[in-house]
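Student: Sequence:
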Amino acid sequence: MRKILNYQLFALISTVLFANLVFAEGFTLSSDEFSGQFSKSQVFNSFGCDGKNWSPQISWKHPPAGTKSFAVTLYDPDAPTGSGWWHWVVFDIPSETRELKPRAGTVENNIAPKGAIQSMTSFGKVGYGGACPPKGDKPHQYIMTIHALSVDQLGLDASALPELVGFYINQHSIGRSSIVAYHAR
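Under our numbering, the sequence shown is numbered contiguously, ending at residue 782.
Note that these hints are calculated values from the structure, not bench results. There could be a bad hint or two in this list.
What the hints assert, rightly or not - No farther apart than 27 Å at their CA atoms in a straight line, the calculated lysine-lysine pairs in the DSSO-like style are these:
no., residue 1, residue 2
1, K658, K711
2, K735, K649
3, K637, K732
Stated by the list, open to error - Per label pair, the in silico range of CB-to-CB distance:
no., residue 1, residue 2, range
4, P731, K711, 31 to 41 Å
5, N642, V777, 14 to 24 Å
6, K732, A662, 39 to 49 Å
7, K665, V777, 23 to 33 Å
8, T678, E622, 31 to 41 Å
9, Y779, T678, 12 to 22 Å
10, P674, S643, 20 to 30 Å
11, K722, G623, 28 to 38 Å
12, D647, D749, 22 to 32 Å
13, D647, G752, 29 to 39 Å
14, K711, S756, 30 to 40 Å
15, T678, D647, 21 to 31 Å
16, I771, N642, 34 to 44 Å
Built from N, CA and C at the ideal position, the CB exists for glycine as well.
With these hints in hand, go ahead and build the complete structure from the sequences.
Tutor: So, in structure tokens, the structure goes:
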């Protein structure tokens, strides 16, 4: 009986340790510039907001096996539209890429990874559009997500609406990781 209990205890401890190792090596999104609250540089510079509209640096590690490309989205589910607000949509990011540099969301900078496509946002423009909730509204949450995809390309272009890109991303998603930041004015 004692041997059985020792074996069961050993099996339980081994399972917990293995699960912790797997979890520690999970698909992870991080940023040197984006966490908790938006900085003034990341806030939109129109619609009554006076930020610099610079996209933050983001990086990721440990993508799932079978990842053929990535997509990045920045979404505000608290926008008073009934359907949220898309602030940044980037897709067809090559599978070997592990970072978007600061200001990569400014299309004119041409520093996004080669082949990556920045498509339409809810602002009606391509590229990054920072936080800009209505004045006096509760703090909005902004969800930055890296999506690991099972295809090299989504087959869309920069004129694709964010909802359509989101549909294609969800069709081919094999993993995702997010960071949430908040902003109010």
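Student: Would you mind marking each hint as holding or not holding in the structure?
Tutor: Structure-based check of all given hints:
1. K658 with K711: 19 Å, holds
2. K735 with K649: Roughly 22 Å separates the two Cα atoms, so the pair holds.
3. K637 with K732: At roughly 15 Å apart (the allowed maximum being 27 Å), K732 and K637 satisfy the hint.
4. P731 with K711: 31 to 41 Å: 37 Å, holds
5. N642 with V777: 14 to 24 Å: 22 Å, holds
6. K732 with A662: 39 to 49 Å: 46 Å, holds
7. K665 with V777: 23 to 33 Å: Roughly 27 Å apart at Cβ, these two residues keep to the hinted range, so it holds.
8. T678 with E622: 31 to 41 Å: About 38 Å separates the Cβ atoms of T678 and E622, which means 31 to 41 Å holds.
9. Y779 with T678: 12 to 22 Å: 18 Å, holds
10. P674 with S643: 20 to 30 Å: 21 Å, holds
11. K722 with G623: 28 to 38 Å: 34 Å, holds
12. D647 with D749: 22 to 32 Å: Once the Cβ atoms are compared, 40 Å apart, the range 22 to 32 Å for D749 and D647 is violated.
13. D647 with G752: 29 to 39 Å: 38 Å, holds
14. K711 with S756: 30 to 40 Å: 20 Å, violated
15. T678 with D647: 21 to 31 Å: 22 Å, holds
16. I771 with N642: 34 to 44 Å: 35 Å, holds
The structure shown violates the earlier hints numbered 12, 14.
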